[in-house]
Structure formats: structure tokens, C-alpha cells
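Student: Listed here are the chains, written in short residue letters.
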Amino acid sequence: MFAYTVRRVFVGIIMLIAMSMVTFVLFFASPIDPAQFACGKNCSLEQRAQVRKGLGYDKPVWEQWKNFAVGVAKGRDYPEDKSLRKSAPNLVAHCAAPCLGYSNVNIATVTSEFKTRIPVSFSLAIMAFILWIVGGVGLGVIAALTKGSIIDRGLVGISLIFFAFPTFFVGLFLLKFLAIKWGFFPVPNYISIADGGVWNWMVNLVLPGLTLALFYMAGYVRMSRAFVLESMSEDYLRTARAKGLPGRKILFKHTMRAALTPLVTMAGLDLAGLLGGAIITERVFNYNGLGKLAVDSITVYDLPTIVGLVLLLGSFVIVANIVVDILYAFIDPRVRVG
Amino acid sequence: MSLPESQLERLETTVPVDVGDPEAVLGKSPTQLAMGRFRRDKLSMAAFVVVAVYSVGAVLAPVMVKLNVIDPLKLNQNLLDPSLGSIPKAKWGGISLAHPLGIVPGTGTDLLSRLWYGVTFSLTIALAASVLAIVIGTVLGIIGGFTGGWTDSVIGRFVDLTLSFPSTLMLLALSATGVALAAKVLPGSGSDPLPNGFYEVLVLGLFGWPPICRLIRGQVLSIREREFIDAAKLLGASRRRLYFKEILPNLWAPVLVSFTLTMPAYISAEAALSYLGVGIHPPTPTLGNILVDSINYSVADFTYFFFPALLIAVIVVSFNLLGDGLRDALDPKADR
Amino acid sequence: MASYRKKMLAVAAAASMSVALAACGGGSDNGSKSPGGSSDSAKGGTLYYYIFAALEHTDPQRTYVGRDITNWSRTVYRSLVTFPISDDAKVSTTPVPDLATDTGQSSNGAKTWKFTVKDGVKWEDGKPITCEDFKYGASRVFATDIITGGPNYIITYLDIPEDPKTHLPIYTGPYQSSPEGKAAFDKAITCDGNTITYNFKKPWADFPLAVASLHMMDPYRADKDQGDKSNYQIFSNGPYKLEGTWDKQKGGTLVRNPNYDPSTDSTDIRKALPDKITFDIGKTAEQITDQMIADSGQDKFAVTERRVPAAYYSQITGDIAKRAVTVTSPYTDYVVPNFKRMTNLQVRQALAASTDDTGWVTAGGGEKAYEESHDIVNPAVKGYQSDLFPAGAGDPEKSKQLLQQAGVQMPYPITFTYPSTATADKQAAALKAGWEKGGFKVTLNGVANQDAYYTDIQKPDQKADVIWAGWGADWPSAITVTAPLFDSRPNLTKNSNGQDYGAYDSDEFNALVDQAQNATDLDQQTQFLQQADQVLAKDVAYIPVDNAIFYFLHGSGVKNYMNTAASNGFPDLGPVGVK
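Protein chains in written order, with this note's numbering: chain S, 1 to 338; chain U, 1 to 336; chain Z, 1 to 579.
In short, the hints are calculated from the structure, not lab data.
One should not assume that every hint holds.
Sample of chain Z residues at the chain U side, in silico, Cβ under 10 Å [said to hold, decoys possible]:
1) 286
2) 309
3) 310
4) 311
5) 356
6) 358
7) 364
8) 366
9) 368
10) 420
11) 422
12) 432
13) 433
14) 449
15) 450
Note that the structure is predicted; figures quoted are calculated from it, not measured.
Beta carbons are placed, not taken as given, at the ideal position from N, Cα and C, and that holds for glycine.
Work out the full structure, taking the sequences as your base and the hints as a guide.
Tutor: Structure, rendered in C-alpha cells:
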């Protein structure tokens with residue numbers, strides 16, 4: 001198991017390096033000049049060239065990548081220009097290792113920007129995760145137990161209806177009516193637990209969490225329904241019933257465990273995807289998480305942040321894959337890793 | 001994010017298709033049996049009818065535009081009230097004989113025409129992206145699953161790498177470059193809707209194939225152990241023949257189910273991309289770009305708000321129900 | 001005043017498509033305006049200001065958005081001279097002394113300007129504001145690689161030699177410069193006690209207007225300067241100061257500055273009534289409008305820079321309408337023919353003739369969103385001429401005739417490039433319909449990335465025949481409108497069209513601009529500029545399509561709400577109170 005984990009982590013790191021290279025090449029090939037955004041209005045070509053140099057975008061792509069890699073290992077100082085750092089030491093910004101770069105749009109190192117964004121996206125992901133797992137699996141099991149009845153059809157139908165509308169539509173609808181018009185919830189505004197306590201943190205997360213959960217829920221309702229039905233027809237359940245075990249015990253001890261194991265993989269990977277920020281939901285509810293950071297940095301072509309985000313989000317997925325595989329082995333003894 | 005990957009992820013575990021059941025009951029082929037099961041399922045049949053209606057509509061729309069029966073571009077600004085934000089002067093969103101679903105605020109274009117033609121564009125994008133994802137996924141899945149060994153692990157790592165990229169972020173970040181490149185490649189360049197649509201299809205497809213690849217690979221792993229493959233091998237069948245003549249025909253069930261489930265995901269994705277400003281812009285209508293504008297009119301012009309949302313919801317639900325129905329029908333176990 | 005470009009960046013997905021100067025005399029019309037009297041208003045309370053997009057800078061030398069310029073002027077950044085609060089556009093665009101004792105004295109044919117800094121004016125840490133602080137502030141503008149994004153007119157005006165290689169001044173700012181550069185700068189701006197003298201190489205007749213309209217000449221404390229790292233720093237000398245730090249994504253709160261002495265200031269400029277002003281960033285126009293309509297909680301005490309989206313107009317009735325104000329903004333939108341492609345004058349005239357301005361305005365939301373425009377110079381700007389373009393729904397017949405006379409193939413194919421938003425797409429469709437009636441065949445090219453838009457349209461080899469752009473005067477003079485947009489000499493280079501997007505190049509026009517720039521008298525300057533504008537109209541160098549209307553809602557608890565020319569049409573924080 002240990003060797004397996006080490007090997008997976010090693011492969012993961014190789015993958016991240018490959019991702020960083022791909023990302024650098026993709027953006028370097030772009031016809032858009034990031035210096036244009038930094039330079040702004042009234043910017044002559046000469047000024048733009050100056051700015052490009054100041055940001056280090058004038059160097060060839062492999063050298064930019066090399067500087068980036070060195071920064072990750074050893075840290076870097078900004079601005080790039082050494083003589084400027086010497087003549088005006090006030091201007092120097094140090095980016096400690098592991099340095100993913102310095103964003104001259106946010107006037108902060110990429111890592112420090114991530115630090116303020118990660119709690120927001122994580123909170124949102126966790127809230128959504130709880131809502132959709134409880135809702136999705138709960139309703140799915142109920143639907144399975146009442147298979148073919150009106151309840152079954154109704155539950156599956158309702159979950160599908162929410163799934164049918166795009167996320168931004170559901171989000172804007174909840175925001176406009178539930179929060180602003182009818183005032184059932186406060187207008188969502190992220191408040192950390194440290195600032196406002198658990199209650200405020202939670203109340204403000206309900207609507208954005210629900211928006212995401214409604215999207216994911218439909219799938220989970222249908223899947224957990226299908227899995228429960230499938231495992232109910234397995235032979236060992238017939239045996240359990242024949243032995244005379246009580247219904248509840250059969251349901252929880254035998255059916256659920258077998259039925260829900262496959263859900264773990266899916267839930268784990270879905271959660272990992274969400275940890276990296278929900279672009280649309282964060283934008284609709286004005287949550288300053290990683291998803292909104294992504295949109296914002298893309299519009300102004302903030303390259304260091306974009307590259308950093310690709311790597312951060314990629315590493316979430318890679319780590320989640322490893323964790324899920326290991327977890328799977330614990331839950332399902334039939335699976336052997338290695 | 002209402003982008004497809006998370007949904008596609010589910011396909012892997014939810015398509016338990018029994019391939020090529022040799023035991024034919026009452027002389028019916030497995031396909032006939034499945035069709036019989038499908039026809040008995042009223043909900044799925046209803047979904048099938050809806051999907052069929054949309055598809056026929058999508059094919060007809062360009063003809064209707066050519067024949068001038070519908071005109072999604074004609075302005076009727078004289079029907080609007082410029083003192084009230086240019087919403088229709090008449091009640092109920094300007095519904096009339098000439099405009100059965102009303103008109104669009106600002107331009108006064110006919111909503112029915114725009115939605116109808118929009119279905120064509122949305123379905124075309126979803127179709128093209130699905131086909132792209134399925135072709136890549138299936139080909140790589142067959143090769144990986146059948147060849148195994150070194151090739152299989154390279155494909156496997158490639159799948160992992162693609163899945164690790166945050167696809168929505170990449171899609172947004174590369175849109176300017178991508179659309180510009182597409183505009184260079186395509187004829188009649190420089191404007192809507194070709195380059196934007198092409199870019200959308202390309203990126204959705206390129207990031208959408210890995211789950212299908214995994215699914216197909218799993219199926220191929222079990223097929224390749226079957227006797228008829230051994231037989232074909234003994235007869236000296238070429239690699240190509242093995243892949244496409246022996247294996248591929250046995251995969252149509254999971255491919256079909258994947259297709260009916262990627263379609264609605266990409267229809268939603270098109271709308272989501274419109275919201276994020278990537279995608280086909282008006283005046284070319286798509287369900288997504290109409291919805292993005294109409295969502296603000298829930299109070300001022302309810303009919304304009306209602307119809308686009310209804311139309312997109314119906315097609316997404318129908319495709320999903322159809323996919324579920326097909327899966328149940330193709331899986332004999334579901335009947336128990 | 002801000003350029004549209006900066007505003008454009010901020011607009012992104014929102015409905016508004018336009019930017020640049022404030023209300024003309026009768027700007028405020030329907031929608032009732034809150035009374036201007038201040039009798040019912042007292043100090044105290046918190047004012048909320050809802051902003052959609054993150055500010056790019058709060059550094060005075062880098063501030064270039066009309067909204068921010070006025071907000072900072074009224075709260076934290078005082079200038080030598082500034083604009084007073086007034087409903088009368090004439091008064092509110094005439095500079096009055098602020099940190100200086102008077103509005104400046106010019107000599108040497110408007111090439112030398114002198115100001116004296118008031119006694120007793122202080123920074124937020126209690127230290128006095130000195131002449132050296134002003135000089136240091138101006139020096140920062142020259143660091144064009146670090147202090148980016150701001151207005152940098154003084155680079156071209158200040159009497160400092162140019163480096164023949166880079167065409168930039170030999171002085172390169174306070175962070176890193178050659179000794180010669182430093183010496184040249186020390187000669188160009190001199191301090192004598194409290195008196196600061198600016199020496200220019202060409203006349204700058206309306207220099208005080210420029211100082212009052214922008215923050216580029218503001219003082220800056222050398223010991224607080226960290227270059228780019230100071231981008232979101234606010235070191236105040238006004239009635240408020242920043243509490244904690246500015247959060248780029250969320251905004252920040254201004255609280256009272258204990259070291260501000262009202263006796264050095266005037267209530268005609270700043271009443272400073274609220275105890276706190278909170279800038280809240282990130283809500284969309286739709287959400288802000290929904291909240292303003294609901295008018296509950298802190299929204300009662302809120303103002304915004306987001307225009308009411310057209311979809312909401314029908315909800316602004318009754319009591320809500322009392323909290324709505326419409327005012328002509330300083331921003332004008334226009335389209336330019338690409339002179340590299342539409343070389344035939346008659347074709348351009350046909351384009352102008354068939355431009356459906358009425359359709360454009362209707363598609364944008366109607367009379368509360370835009371008004372038809374007759375001149376690229378905004379009505380509130382000196383030099384405006386109301387008879388340059390007829391506006392209206394266009395004359396397709398005349399257009400067809402002109403095209404026939406030109407002897408070109410019909411329909412004449414053109415591509416129209418514009419930044420795509422839901423509203424802009426509709427407006428473009430309206431223009432397309434008009435042009436097609438007039439004998440053109442139009443391909444629309446909506447550019448999704450608003451930020452990349454201006455880079456796109458500066459390319460000399462672009463495929464567009466007609467290009468949309470927006471502009472607002474930097475200060476209320478046509479010299480900051482037509483000259484920067486159509487003078488080919490600073491704009492056209494091998495790799496870029498600069499701001500002359502259509503590559504217009506006319507010696508006749510350039511000569512008139514030179515005459516205007518060398519004029520020492522404002523009226524004379526205006527005359528030359530009007531002649532220059534007529535040349536542009538004759539050549540159809542541009543076609544104006546609208547002046548944006550600002551249609552703003554505010555909370556029921558906001559008193560003395562005003563949108564003045566001094567505040568570029570945005571809510572004026574000078575008089576406003578919440579108690």
C-alpha cells in the first residue's frame with residue numbers, strides 16, 4: 001500500500017510538471033499581449049515594450065518556464081529587473097518558495113491570493129456536498145424502496161427538473177426570489193467562521209450551496225436508486241432475508257454498503273472538481289473563490305494566476321484520485337491496490 | 001459549473017450493458033427484445049417523441065428560414081415601447097398571430113423564429129461535440145482495451161492528464177486564441193457563428209472524451225475474452241478488422257447510451273458558455289444566448305422569460321429520460 | 001473624466017455599452033431629483049456605494065476611471081484645484097482652488113503655470129503637504145513601466161528632452177533614472193517655498209481644467225511610495241481615510257480622517273456628511289437594481305454606479321421612481337469607417353446616411369438608456385456642435401443613391417466589429433438592419449473579450465470595415481476628444497493604429513489640431529477644434545451613435561443625491577448624506 005501511494009504521488013508530480021509545460025506553451029502561443037492589459041490606456045508601443053520587459057514576458061517561453069520552475073523550488077523576487085530592484089528597494093516584492101508567480105493585477109503573490117480564495121471555495125464545496133449527498137442519496141434510496149410508485153416517479157422527476165435548467169439560471173432565480181424579493185435568506189455574502197461564527201457562515205452558504213447541490217443531486221438520486229435496486233436483487237440478500245434478518249438491518253448493513261460503494265468514487269471526484277471553485281455559481285453569488293478568480297484573471301489575461309490555477313486545480317484532481325482509490329480499498333475489501 | 005465532465009463521469013458506473021447476450025428468447029434477437037422493453041416504457045417513449053420532434057424541427061428550421069416562413073433576424077422595433085426599456089407595447093410579450101410566442105425586447109424579432117432556429121444551432125453544437133467526444137473516446141478505448149500493455153497505460157495516463165486539466169478554465173482562457181485560430185481556418189471567417197461554434201465543439205469534445213474512453217475500454221476488456229474474438233484471430237483477421245468489424249458492432253449499446261446522455265449535457269454546456277460570454281453571439285440564435293438575455297425579464301416580460309427556459313428544460317429532461325430508458329431497455333437485468 | 005476604454009473594461013457582461021463627460025445644463029429630466037437643499041441633512045451614518053467590477057487602481061497617478069476620479073476627489077485625494085458641487089454644469093466644470101490658494105497663474109504664453117500650496121493642509125498622518133510632494137507625485141507619471149494605466153499628458157507637455165531612440169522623455173521616473181534625466185526634471189518643475197512652477201514646452205491653456213479633472217498632478221509622499229505595490233494603497237489628505245486595507249475584490253471602508261482641517265476646505269466642494277463610506281464591489285447591475293427596488297436594510301443608504309438595466313424600467317414606478325435619476329453622461333459612442341478599406345468617400349457618406357441611430361437607441365433600451373448623438377464631442381464639452389450629424393433613423397434611399405454614384409457593387413459588403421454583450425448584440429443588429437436597407441451587406445463581428453477588444457481594433461491589418469468605439473473627454477474640452485482620436489501623427493505606427501482605429505490620416509485636420517494646441521486663448525482654441533471636427537464630419541471619419549444616459553437608483557435614506565458634471569454623471573459624494 002505504501003509503495004503504491006508513493007508511486008501514485010510520483011506519477012502525480014510528473015503530471016503536474018507536464019501540465020505546467022502545456023499551459024505555458026498554450027498561453028505563449030496566444031496572440032494576446034498581456035502587457036497591453038497591464039499598460040492600459042494611452043500606452044504607446046514603446047511603453048508597452050517597457051512593461052512587457054518589466055513583467056518578463058519578453059523572454060522566450062522556455063526561459064519563462066525555467067524561471068517559473070526555479071521560483072517554485074527557491075522563490076523569486078519581483079520586479080524582474082535587477083537594476084531596478086537595486087535602485088528602488090522599496091519596490092521589491094519577495095515571493096517565497098514554493099512561488100507560483102506574482103500577479104501584477106492583484107498586486108500579490110499567486111500563493112497568497114490562493115490562500116484567501118481557498119476557504120471560500122472549500123466552504124461552498126462542502127456545503128454543496130453535504131446537501132447533495134444527503135438529498136441525493138436519501139431521495140434515491142426512498143425512490144428505490146418505493147420502486148414504480150408515484151413517489152418514485154415524482155422524486156426522480158423533480159430532481160431531473162432542477163437538473164434541466166443551467167446552473168446560472170437556477171442560481172439567479174434563487175438569488176432574485178428567495179433572497180432579495182422574499183427575504184427568506186440573506187443576500188449571500190461569504191463570511192468566514194472566524195468573522196461571523198458558524199451560523200452566519202452557514203446561512204450565507206445555503207443558496208449557493210443549494211444551487212450546486214441541485215445540479216449534482218439529480219445524478220445521485222438516479223444512481224443511488226439504481227445501485228440499491230441492483231444490490232437488492234443480489235443473491236446474498238436473498239440469503240439474508242431467508243435467514244430472517246430484520247428489514248432495516250438488511251437495508252443498512254447489506255444493501256446500502258454494497259450499493260453505495262461505487263458512489264464513493266464519484267462523490268470524491270465530484271467534490272475534488274468543486275474544491276477548485278464553481279465558476280458560474282461563484283460568479284452568480286459574487287463569492288470570491290477560486291472560480292471567480294479564474295474568470296477575473298482570464299478577462300485581464302493575468303498569466304501567473306491562470307497558470308497557478310491550472311496547477312492548483314489539477315493537483316486537487318490528482319490528489320482526489322489517489323485518495324479515492326485508497327479509500328475504495330478500505331470500503332470494499334474485494335479491491336486490492338498495488 | 002454545469003459543464004459536462006462531472007456528469008459524464010457517472011456514465012462509467014451506470015451503464016452496465018450486457019453485450020451480445022447469445023440466448024435468444026422465443027426467436028427474438030436481443031435488439032428486438034430491448035426494443036420491446038423500450039416501447040412498453042411510456043415515459044421513455046414520450047421522451048423519444050419529444051427528442052424526435054426537436055430533431056425534426058432542428059432539421060426543418062434552416063429550410064423554413066430559406067422559405068421565409070420564419071425569420072429570426074427581422075426587426076420589428078415599431079412594436080416596442082422605447083420609454084419602458086423597449087419591451088413590447090402589447091401585453092403578454094406581444095403575442096399575436098404573427099408572433100405566436102411574442103417578440104424579443106430591444107429588437108422586436110419574432111421569438112418563435114429565434115427559438116426554433118436556436119434549437120438548430122444548439123442541437124448541432126451538442127451533436128458535433130458528442131460525436132467528436134465519442135469517436136475519440138471509442139477509438140482510444142478500443143485500442144487501449146484490446147492492445148493492453150504499454151499502449152494501454154499511455155492512453156490511460158493521457159486520460160488522467162486530460163481529466164486533471166480544469167476544463168472550464170481552459171475553455172475560457174483559450175477562447176480568444178481558439179476563436180481567432182478557428183476564424184483563420186474556416187471559410188467566410190471573421191464573424192459568427194462558425195468560428196465560435198467550431199471552438200465550442202472542439203473544446204467540449206476534446207475535454208469530453210476521457211470518461212467515454214474509460215467506459216469503452218472496460219467493455220472491450222470483457223469482449224476480447226470471448227470466443228468469437230479468438231476465432232477471428234485464428235482466422236488471421238487484421239488488427240483493423242478486429243477493432244472495427246468484430247469489436248465495434250458489439251459496442252453500439254454503450255455508445256448509444258453515452259450519446260443520449262452527452263447530448264443534454266452539451267446543450268446545457270452551450271447555455272453555460274453563453275452566460276460566460278464564450279460561444280455563438282446574437283443575432284445568430286442559440287437556446288443559450290436567448291436564455292442569457294431572457295433571464296432578466298422575469299418581471300418585465302414574463303413570456304419572453306418563460307418560453308426559452310421551458311424549451312431548454314424540456315429538451316434536456318427528454319434526452320436524459322431517453323438515455324435512462326434506453327439503458328434500462330438494453331440491460332436485461334433491469335426487468336427483474 | 002474617464003475614457004470609455006477603462007469603463008469598457010469594467011462593464012464586461014453588464015448592459016451598459018458606453019462611457020465619457022457629464023450632464024449638460026438640463027441634463028436631469030424625468031424621474032424626480034432629490035432636492036438639492038441641505039437643510040434636512042446632518043453628519044453621521046454609513047453610506048454604501050455599490051460597484052460592479054474591481055477597481056484596477058486606487059493610486060492617484062494611476063486612476064483614470066471617471067467614477068473613481070470623482071469619488072476620490074470628494075473623499076481622500078485633494079488636488080491643487082478641483083470642481084465644485086453644482087447642478088449647473090457650467091459651474092461644476094469650472095475649477096476652484098482646493099489645495100492651492102488660487103486656480104493658478106500662467107505666463108509665457110500659457111507655457112508656465114504657478115500654484116501656491118495652502119498653509120495648514122496635512123496628510124492623514126499629520127505631516128504638512130509640501131510643494132515637494134506635488135513634485136514627487138508628478139515624477140511618478142514618468143515611470144511608465146511601473147505607474148501604468150493612468151493619464152500621462154504631462155509626459156508630452158513637460159519641458160524635458162526626448163530620447164531619440166524610444167521617443168520617451170529622458171527622465172524615467174523616481175525609481176530609476178539617469179542623472180541627466182533627473183536634472184531635466186528638476187528644471188521643469190521647481191519649488192520655491194510653497195510655490196510650485198510647471199514649465200511646459202508647448203502652451204497648455206486649459207491646464208487647470210486638466211488638473212481638476214484628473215489626479216495625475218496630485219501630491220504623493222515619497223516615503224509611502226512602493227511603486228506597483230502601492231497600487232491599492234490610499235494615503236489620504238481629504239476628509240476621509242481608508243480603514244484597514246483596500247480589498248480588490250470586496251472594496252473598502254472610508255472613515256473620518258482626524259488630521260483633516262475643514263477650514264482649509266470648502267463645503268462647496270466637500271460636505272463630508274456620512275461618518276463612513278463603504279464601497280461594496282462585485283454585485284451585478286441586475287442584483288443591485290433588485291436590491292435598490294426592494295430598498296431594505298443597508299440598501300436604504302446605498303448609491304451605485306450601475307445603470308438600471310432596460311429589463312427593469314417597467315418596475316421603476318411610483319415611489320421607486322422618486323429614487324431614480326436620469327442624466328446625460330459624459331460618454332459618447334461612435335463608429336469609425338476603416339480608411340484602409342472604405343477608401344471611397346461616397347461609400348462612407350452612404351454609411352453615415354443609412355445609420356439607424358433611432359434603432360440603435362431603441363435596441364439599447366430606449367430613451368432612458370441612450371440619446372441620439374450629433375457629434376463625437378459630448379454636449380457637455382466645450383466645442384460641441386449640434387448640427388454635424390443628423391442622427392435619426394437614417395435615409396436608406398439617399399444611401400443607395402450615393403452607392404450608385406460611387407459605382408461600387410451592391411449590396412456593398414462590410415464587416416462591423418464591436419464588443420459583444422447582450423445589449424450590444426441587439427444594437428448591432430439594429431445598425432445592420434439600417435445599413436442593409438441602405439444597400440450594404442453587413443457581417444457582424446462581436447468580440448467576446450471586452451478587454452482584448454481595444455487591442456484588436458488597434459491592429460493596422462484588421463479585417464473590419466466599420467469599428468465601434470466609445471470615448472469620454474478627459475477634461476471638458478474637445479482637445480481631449482478629437483485630437484487624441486484622429487490625429488494620425490501620435491497614433492499611426494507600423495504595428496498599431498493607436499486610438500485612431502480607422503487609420504484616418506488628414507493633413508488638414510492635423511494642421512487645425514496644431515493651431516488649437518498652440519492657442520493661448522480658450523475661445524480661440526475651441527474655434528480651431530470646431531473647424532477640425534467639421535473636417536472629420538466632411539470626411540466621415542466617424543459617425544456618432546449615442547450619448548449614454550445614466551439612469552441610477554438610490555436608497556430611500558440617501559439625502560442630497562446629485563449627479564453632477566463634476567462627478568462625471570456618477571453619484572456626487574460631495575453633498576450626499578444619510579442622516
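Student: When the structure is checked against the list of hints, which entries are broken? Sort them ascending.
Tutor: none
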